[in-house]
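Participant: Sequence:
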Amino acid sequence: MAESKAILAQLQPVLNHLRSLPYPHVPNPESCKKRASVAVIIRVRPAFQPSLNPKESLVDLDKEDTPASSIDEFFSRDWVQNGDPEVLFIKRAGRVGDRWSGHVALPGGKRDPEDESDVAAAIRETREEVGLDLSVPEVLEAGNLPERIVATTIGSVPLMVLCPYIFVHTAKNTPRLKPSPDEVASVHWVPLRALLSPKLRTREYVDTASRMAKPGGPVLQWMLRLLLGKMMLSAVKLVPSESVYASSVPGFIPAKGESTFSGLADGAFGIPSSNQGLAHLQPLMLWGLTLGVLADFLDMLPPYNAVKLWNYPTFTPPDLRLLIWLFTYSMRRNNAHDLSAGTWPYKKRRRASQTAMDVTSHAMAVTEAEPSTLKGQHEVGMEGSGIGPSSKDSIGRLLEGYYSRLNWAIVTFVLYRTAAGSTIMYYLYRLWRKRQARL
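Numbering (my numbering), first residue to last: -2 to 436.
Be aware that one or more of the hints could be misleading.
[What the hints assert, rightly or not] Straight-line Cα separation of at most 25 angstroms, PhoX-like style, residue types lysine-lysine; simulated pairs:
(1) K175 x K196
(2) K107 x K175
(3) K175 x K227
(4) K107 x K2
(5) K2 x K196
(6) K169 x K196
(7) K30 x K107
(8) K175 x K2
(9) K31 x K107
Because the hints were derived from the structure by calculation, they are not lab data.
Work out the full structure, taking the sequences as your base and the hints as a guide.
Facilitator: The structure is reproduced here in structure tokens:
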């Protein structure tokens, strides 16, 4: 496949660069002690070949499948050069109280006291969640991606520091994955060419009203949800080449009388439903915090036009979308012109790209700043993307200043809707009074 060959040609120098120049460590803020690590696991799926005749020698096959001692040695193998690079994703099991319940994510989790380092936490969590050992000779560590402080949207309270690490599985045959049903509903190998395909870019619809109006109670949440609708965030529809399911999860086989439609409908609207009937058949959507982490990596691969691929966050009501479009028009036009004209300087050490963050959290990517300079460095968007003034990557520059204008558009929308609603109610009241007078 020509496209896979082009990606492999870009992937090798990117991995070598990340391994030789790792991103710096980010310490915890004073008010937050939690750290978490995730693993970006890459493998190359060999091209199809008929099975060997049992009588033929297996010497050549064994030689091809020995552990690689370096990234360059791995990519020099014929089966790798003709293969298809893939990344491993998990779909989290549905759990009450888990803010990432049912989401597509990378293997990983919270660092425990017994973990020697952040990378050790990523290795342990991957082993526990999917049964894949990243400490074996067949796996090469290939550096890391920018660490980031994950914080709540409202109040910007730090929740944890997230540390992404890259691993390359160099064996020709990857071990069979075994998802833990308590944590993982399914695991999926997804080709990099699918992640980079413009055809698979889409939107995820998220209920932000309940988050924004949570302190005001259910009535205010209902009113705001009715007014603002759902937020539309950039997403990628995943097309797996191989999937393994935790078939013991509740609802994997729907019980008698169980409605499978409700599970599919809930999943389409962003409600975690991995413990409902046929939830494993729902489309896999990459968005939020995980998409933000992957964007750092994907931005280094074959150069697609970010202006054409990126969809700015907006809302479902047509009049609110129009207001957001008008309020952000000049900013979007100027940013797109700068990007397409090539006036943004290229940096080998690209800043972290914060795309479509989870509505419950934002991630402030930090690369070369000292802890004392972190406070107040990043602006916080209402839906969760923290884009700092020092952001130099394409997506970060596209979003620079966007959320402040989006907030003004929402305020204008609420005022105009309130005024329009009051006017209509007043008109209906007068009409009712006239009819009453006639009677």
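Participant: It remains to establish, for every hint, whether it holds in the given structure.
Facilitator: Evaluation of the provided hints:
1. K175 x K196: The given pair, whose Cα atoms are some 31 angstroms apart, is violated under the 25 angstroms limit.
2. K107 x K175: Between K107 and K175 the Cα gap is close to 20 angstroms, so the pair holds against 25 angstroms.
3. K175 x K227: violated (35 angstroms)
4. K107 x K2: Answer violated: K107 to K2 is near 36 angstroms, above 25 angstroms.
5. K2 x K196: holds (19 angstroms)
6. K169 x K196: Given that 25 angstroms is the threshold and the Cα spacing comes to 29 angstroms, the pair is violated.
7. K30 x K107: holds (11 angstroms)
8. K175 x K2: violated (30 angstroms)
9. K31 x K107: Answer holds: K31 to K107 is near 7 angstroms, not above 25 angstroms.
Against the hints set out earlier in the document, violations occur for numbers 1, 3, 4, 6, 8.
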